[in-house]
Each structure stands twice: as C-alpha cells, then as structure tokens.
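Number of protein chains: 2
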Amino acid sequence: MEKILLAGEWRDADHTGSFRAINPDTGATLDREYPVSSRSEVESALAAGYEASRALKSAPREQIALFLEAFAQRIEERSDELCKVASAETALPVSPRLADVELPRTTNQLRQAADAVRNRTWTEPTIDTASNIRSMYTALEGPVVVFGPNNFPFAFNGISGGDFAAAVGAGNSVIAKAHPSHPHTSQLLAEAAFEAVQEAGLPAATVQMLYRTSHADGEALVSHQLTGATGYTGSRSAALKLKEAADLAGKPIYLEMSAINPIFMLPGALAERGEALAQELIGSVLLGTGQFCTSPGLVVVAAGDEAEAFIETARKQVASASTGALLSAGGVDGLGRAVETLQAAGAEVLAGGGVADAPGCRFQNTLLRTTASALLAAPEKLQTEAFGNSTMIVVAADADEMVAVAGVIEGSLTGAIYSHTGDEDEALYRRIEAPLRQRVGRLLNDKMPTGVAVVPSMNHGGPYPATGHPGFTSVGIPASLKRFAMLSCYDAVREHRLPEELRDEISISGCWRLIDGTWSQS
Amino acid sequence: MEKILLAGEWRDADHTGSFRAINPDTGATLDREYPVSSRSEVESALAAGYEASRALKSAPREQIALFLEAFAQRIEERSDELCKVASAETALPVSPRLADVELPRTTNQLRQAADAVRNRTWTEPTIDTASNIRSMYTALEGPVVVFGPNNFPFAFNGISGGDFAAAVGAGNSVIAKAHPSHPHTSQLLAEAAFEAVQEAGLPAATVQMLYRTSHADGEALVSHQLTGATGYTGSRSAALKLKEAADLAGKPIYLEMSAINPIFMLPGALAERGEALAQELIGSVLLGTGQFCTSPGLVVVAAGDEAEAFIETARKQVASASTGALLSAGGVDGLGRAVETLQAAGAEVLAGGGVADAPGCRFQNTLLRTTASALLAAPEKLQTEAFGNSTMIVVAADADEMVAVAGVIEGSLTGAIYSHTGDEDEALYRRIEAPLRQRVGRLLNDKMPTGVAVVPSMNHGGPYPATGHPGFTSVGIPASLKRFAMLSCYDAVREHRLPEELRDEISISGCWRLIDGTWSQS
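Residue numbers (this note's numbering), protein chains in the order written: chain A, 6 to 527; chain B, 6 to 527.
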C-alpha cells in the first residue's frame, strides 16, 4: 500500500479501503495499491493545513515563489518518468501531448504563479489617501482543497495544476485530492512538490495529498470549519453535491463542471469553406479523444446542400479516424449513457455510437445529428454532455432557428461562431452573438475552443452550470488567484502595521497599485 | 391600496394581502395601505426585467449615466418630503441623519456610479495582444434583485441604495424588494427613479419595485431561471433561506447579513485614555440607536483597575443617554431575545436590558458584561448579534485570553484594535491582529467602525457569516459593481465586433485598461 502525504510527511494511510488504477489503453490493472483515506485523515489534513496556512502568512513571499519554481524544475527533471507513468494511467500519448504540451504548460503555470507572487499585482492594492483607507486581496484563513479531474494529469492535477498554482500563489496551503484514475502520476508530482517545499523552507504541510475519500468525506472536506475554499474540476453530478455541502457551510467553492461548447457555423462560412471547417471541427472533436472541457459538443448549421456536404465530410472523417482510448472504463460507460440519452431525445447516430470492439477503454468515434426543432423541444436532454470522442450536429431549418438555438444554450465555457470572411454573415452574427454571449465565458470567432492559452485575459469559466459563478476564471494568471483570497481592508491602520503592499513607499518590483484612482507601478 | 412599479408602469397589485407601516417613534399605524404581491407578480417582474436587461445591453452607456444623475437630482429636489416621510417610518431624525448624512450619501453613490458607467474602468478591460484574447466584465443576462434593509431608508434602499447603484451601474435592470418597514419612502424613491428612467430614455422596466412578497415567493425571486443575481442586506435568518434557494439554482447572491464588529481595547490604550475611549465607544454604540451593520457589539478588555474604570464610565453613559426609538416593533422583540440569549449564556446586565417604559419602539440602552472564559466556552451564543442600542464588554483575565478571544471571533464586517499611542501595545497588537485580520473585512486602528466611507478602497464585506463570500464589497465604487457582472472573454473576435472597451483604439475618456500587463488610460 502506498503512503499518503499528510501533515508534512509521507505516512501510512489510516485507510478504509484501497484501489488500483488501470491502463485504459489495454484495460490492464496496474500494480500499485493506493489507500482510500478515512475521515480521521481528512480531519488531520485540515488541521495540519490550517496551521500551515497560518504559518505561511508570515513566511517571506520569496519563499513561496522559490517553491513554485523549484517544483517546476523538479517536474522538468522527472519529465521522462512522469510522462511514462501518466501515459500508462491515462492512455494520453507522451508525444504529442504529455511531454511536449501538457508538461510545459504545467511548469509554465507554476512559474507564472511565482511571478505573480513576486510582483504582488494580483493583490490589487488600492489606496485612498484622503480617508487613509487601504485594501488588497490576501490569503484565506484555512487551506484550499483542490480536486483534480481525470483529463489533465499534470496541468489540472490537484497537486500541480492551475488551481494548485493559483491557491499557493495566493499564499494558501493546499490539500490536493488526486484523481483516482492516475494515482501514480499524482504521487510522483506530490513527491516533487514536497521536496520543493522542503527546499524552499516552507511549512511542511503547505502541500498535502489524499488519493481518494468516500463521497461523504469529500463533502466534509469542502464544508469543514477549517477549510478556506475549494477548487474543483470534474463531473457535474459530483460537483453539485460538493457545491451544496460547501454552500450550506458558507465556504467558497469554484467549480468547473461541464460544458457543451456550442459552435455556430453560419451559412456564409459553410458556403465558403465548408469542407475545411468539417475537418477542423472533427480534428478538434477527436483531439485527446475528445476529453477536453472545451471540446465542441454541439454544432449548429442551417439546412441546405452546404450543410449536407459539411455533415458528410464530418461523418467520413469521424468514421475513418482511429479510435483513441478514453481515460477510464467509467468514461466509456458515461459516454455510452450520454449517447443513449441523446438518441432517446431524438438524435440520430451517423457514425459510431457504441463501445469499440478493441482492447482497453474505447468508444467508437461518434457523430450524431438532430434538428433545431428537436433541440428546442428538449433543450436539456439534447444538451447532455457526451464527454469524449463524440459530437452532435444540429440542423436548423433557417437562420431564425439558429438564433432560437442560441437562446436556449446552457451556460458553457465557450461558444464559437464561424462566419464568412467578408461581411455576408454579419447580420446573423449579431443576432446569434447577443444571446450566446450571455451563456458562455469565452466567445470565439472562426476558431475551435480546445486551446486554452494561459494568458491574463483568458476566461476559463462561464455561467452556471459550466461553473458555479460567472465572474471567475480557473485559467489565467493573476486572475485565477483571486478566487482563493479574501478582500482585506485597513482603515486608519498605522503605517508600520500595514502589509508592505499598502504602505506609502514600497520596494516591491513591478507591483501595480491603484492609488487615488490612478494605477501606477512602484 | 397603493400601486406597485411593475413592467414599466405603476399598476394595481395582484395582491395576496396588504400591510401598513408604523411610526416607530409613537407606535402609531400609518395611513397608507401597501400590497403583498402574488407569485404571478414575481413572474411578471422577472419577465419584464429580463427584457429590460436585454434591451439595456444595446443602450448607450451615456443614457445609464444620465439616469443615475437624473435620479440623484430628483432625490435632492424632494429631499424635504423624503426626509419627512422616512423619519416618520423609521424614527431616524431628519437632522443630524437623513437630510444631512444619508441623503447626500445616497446621491453621491448614484453619481459615483454614473462616473463608473462613463469611464468604464470597472469593466477591467484586459488585453493580450499576442494571443488576441481580450476580456472584461459585462452585465448579467437577467435582472438583479435587490433586497433593502430597514436601517438605511435611502442609502441601502433596494430602489436607491448602494446595491441598486452598483447593479444599474453595471448595466443591469433591477427588481427592488422594498423593506416593508418604510414603504412610503420606497414609493417616493421609486417614483423619482421611474421618472428618471423615462427622462433618460431607458427601457421602462429598467427599475421595478415590489413592496412585499411571501417568503416562498422571495425564494422564487432569487432562484428563478431569469434572475441574474441578488443583493441582500438584512437579517441572517432570512438571508440564509434566500442563500440556500439561490445556491441550489446556481444563482449568485451577495449577502450582508450580520456582524458583531469586535473591538479590542489594549491595556496601554486603556491606561492612557480609558475614559475617553469609553465615551467614544458608547457614542458609537448608541449612534442611530445602534442600528448600523457596523455597530460595535463586543468590546474586549483585560481585567484590572483600568478596565473597571472603563466599564463604569461606559455604564454611566449608557444609563444616562436618552433612549432612541428602534426601527420597528420587531426590532424591539429581536433585541430583547438577543439580550436574553446573551444573559442565558452568562452575560450580566450592567444597564438596561429590557423594553423601555416609553411610547413607540424603544428598548433600554443596554450594557452587558461577561468574561473571556465564558465567551470561549460558548463562543456562538455569546456572539449573538444584539441589533440595536446594546453592547457587551468582555473582560479577559490577561493578554493571552484576549488573543484567545480573537481566535474565536466569527466572520464580521469590521474589527478594531485600540492601542497605546506609543509602542507599548505593539507585541499584543500583533498577536491579536493575526487571527482577527482573517475574520473581518475591515480592520481599524483607534477608530470606531460605524462610518463606512464610499471610497474605492472600502470593504463593506467580510468572511461568512458576515457575508456569503469574503471577496466582495457592497460599498465602494467601482468594486461593488463587479458583483453584478460576468467575465466575458473574446478570443480572436473580429475587431469591429468587439465592445468598444476591448478595441485597439478607444475613445472612452478615463478608461483604465490592462494591456499586455501594463495599466494605461486611453
């Protein structure tokens, strides 16, 4: 039985059970046995995390930045092993993906967080000199709990991903809840993180990790009095249970839980470049076997010859592409159930639609088709998220029906509109954009949503039920740090007692502050 | 029966009942009869508000700014009538309070919101030129519901207060839920608001107002599919029911619901200026008959002769002050129950403690005393909010017990530390500040918390249960506007389709934008 990282040491788990991961490419069960932690371990982690959070408040910011950089460096040094292990646990290819895309993204995020720690701009120091009232964002009182999803074993892992970087960058300790589909990957990352904690001289319980808990203990984790806040990426059903528990306790919880990511292909674009768009679409749909939060699940076109040609090109490409493995057997089941739900609501299967006759966790590449009138009649059922290598084309009778579909889109991470390169689609664009804009966090033009750049202007968020709050992003530094912070105001507090960010004179390099309505850099 | 402002007109209510306000100074029931709205009116308001929100998105920003200014001007023009009516409904004096403090604060907030609408800085336009990804805050899809409290008939009124100004400033329509203790005041304000809407040419349902609903219909209002978000100021019990309903529906709700506002009087300060501090404290406690969200409810001192002298001065001042009227009979009952709860948990009544033998809604000015050890043994009961002209002094055995009390303070809007003007209290200050800082939104030095300046650096917020989220403030422009907004990202969107705030060249005067990591003003 592997050990857990708790209260500043790797220790034997007080476990209530155990589990092993599988290799989704082959279906083979992997060797290592991991513990399911008990409630008492949840309590221990929270108590240790609370003390670490308290100690972190007086630790030099430079130590936190050094930790993030040392961790990034260790990840790079162990790239080969990490990628090999992660590939075995997820079936994601080492290249092109784990080694050359996801791992660099992960270390880049950690280093961006280190920069944010150093320049402190994320704290938004705001000063009103006339009233001598000053405010800034500061770390939470208790630890941040981070639940990582199955689809990004590095970049969204609870112990190394975007939420982790944001929570630590904001000065919090973290209790990572690893995803049980890739425990060995998480273990390796936690080892690197813990070594970096020691190297940087941070409190030993700054990072902790549990592999798995019961659902009830997960709910206890997010709603406990000692908990600061929670970041969660994963399925909607689990998310909503955690949300209810956290909400009832008044604990902030940030959820990234589902998205259909609609794409509107306007008539001018289809006429102009329909075949290329079909290829671009299916390439995006099948990327990573479709297991991206931003994978396009719904494509709206207007009926006509161009639409039929577009659909036929897409169908051929879906049917001829090789079948990638999904992340888990649960993923195969879930995709199957979603396709059944869509069919039961009136969607027709044009390609695939069933479990693949192949080893491991594989579902046939799937293309569905339905009509806008069917979608308008059953908007909830026909927006069931089919997470994986599947998408659905919705054929609208005309432009008005396309607009009507935009009006029933559920809150989503992204929405894209492809239009004529000239101005042929401009009027329809405006009619669709107005309702769509309100339902998605990120609106794209002529571009697939599957890339999520780590830039300050990114919004990887969106209205409910894509997330739990439309004002926050989980990707993009420094904005993502503010989720794990409180607003702290100082009213007539004596100068020497203020945090450095709020003093009249500061020596923090690059810190933007808003002083009497003017942004300036020290 | 008075009419309600619904769907762009003053109309007869489809009422399920009616009510009249009282004059809390005399206890007399006032003449006007106001409707309790039905569920169908809640639905009508939401439908009309949704359409107004949609129309507002394409209205020129200047129209919204003009509305806010025209509304402020009308309030000033009707100052005499408003103050007279509000004073009759609340027993708050016309001067010094309604005419010379609260009304100017209200119009100032509206005008600050107009400035925020014009310069657009609140939207935080953020541009990454290399990736061509741009983001900003934008209005919500549906209307914002604002529940006003009883204690600020102008400045926090659902139809004219800080949440109203913030919601409209962010580009939303508003459905105000007036507080039923001052319906006539709210009616006059709504008349002025509606005239200003018409003058500015905004959609007629931009502002709507209901006087009262059933609890179930209030829950429907905050959780309805068409609702954008809710701002609420009032009692914790009602707030938590609304929060649960809104949370389950995934609708943002911002609550300002309770606060004990602890004050720590350090030994050096007591020795130096104990008598003056006792007077300052009781002045703050009795201001507005103690009916401020930030009224100091708990005062911690260390045992000794100075503490006894401090307490005796406070007791004399409490006992000798005239007894102001509370806002309602419910307020008298609530304060009585709170004092009973505190007594049952071990607090001793030093002055007052019962209903006043006087006309109207009056409770005796009340001073309680308890020990830190009692508070540490029953921290929840002994932090019961006694809203009104009452406060409690907690005597700690020593400095360590003061620190321990700071460690059990519930989330609060404010916390103050009074210390020696030199450095005698410095070590104890640091020990108390560390835990207290995490529990309060605004930390003060040597200053009572009852003033809440409307400046950009204000935080009128704090950790749960003071509010529902530690990262937001309900006072302070532009920060308060961001509560009623979503983050909207534009990825590769064609230049001419972008909102003006995100275009390469803009002509908005004074708009701060973050372009490639640098804040600049166009």
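Because the hints were derived from the structure by calculation, they are not lab data.
Don't take every hint at face value.
No distinction is drawn between identical chains; accordingly, a pair holds when it is met within one copy or between any pair of copies.
[What the hints assert, rightly or not] Under the rule of at most 30 Å between Cα atoms (straight-line distance), these lysine-lysine pairs were calculated in the DSBU-like manner: (1) LYS8 - LYS321; (2) LYS452 - LYS8; (3) LYS487 - LYS62; (4) LYS62 - LYS452; (5) LYS386 - LYS8; (6) LYS452 - LYS487; (7) LYS246 - LYS487; (8) LYS487 - LYS321; (9) LYS62 - LYS8; (10) LYS8 - LYS89; (11) LYS452 - LYS321.
Structure-based check of all given hints:
{"no.": "1", "hint": "LYS8 - LYS321", "verdict": "neither (48 Å within a copy, 64 Å between copies)"}
{"no.": "2", "hint": "LYS452 - LYS8", "verdict": "neither (44 Å within a copy, 52 Å between copies)"}
{"no.": "3", "hint": "LYS487 - LYS62", "verdict": "both (16 Å within a copy, 27 Å between copies)"}
{"no.": "4", "hint": "LYS62 - LYS452", "verdict": "between (43 Å within a copy, 25 Å between copies)"}
{"no.": "5", "hint": "LYS386 - LYS8", "verdict": "neither (43 Å within a copy, 42 Å between copies)"}
{"no.": "6", "hint": "LYS452 - LYS487", "verdict": "both (28 Å within a copy, 29 Å between copies)"}
{"no.": "7", "hint": "LYS246 - LYS487", "verdict": "both (24 Å within a copy, 27 Å between copies)"}
{"no.": "8", "hint": "LYS487 - LYS321", "verdict": "neither (45 Å within a copy, 47 Å between copies)"}
{"no.": "9", "hint": "LYS62 - LYS8", "verdict": "within (29 Å within a copy, 55 Å between copies)"}
{"no.": "10", "hint": "LYS8 - LYS89", "verdict": "within (21 Å within a copy, 71 Å between copies)"}
{"no.": "11", "hint": "LYS452 - LYS321", "verdict": "within (21 Å within a copy, 73 Å between copies)"}
Hint compliance for this structure: hints 1, 2, 5 and 8 are broken, all remaining hints hold.
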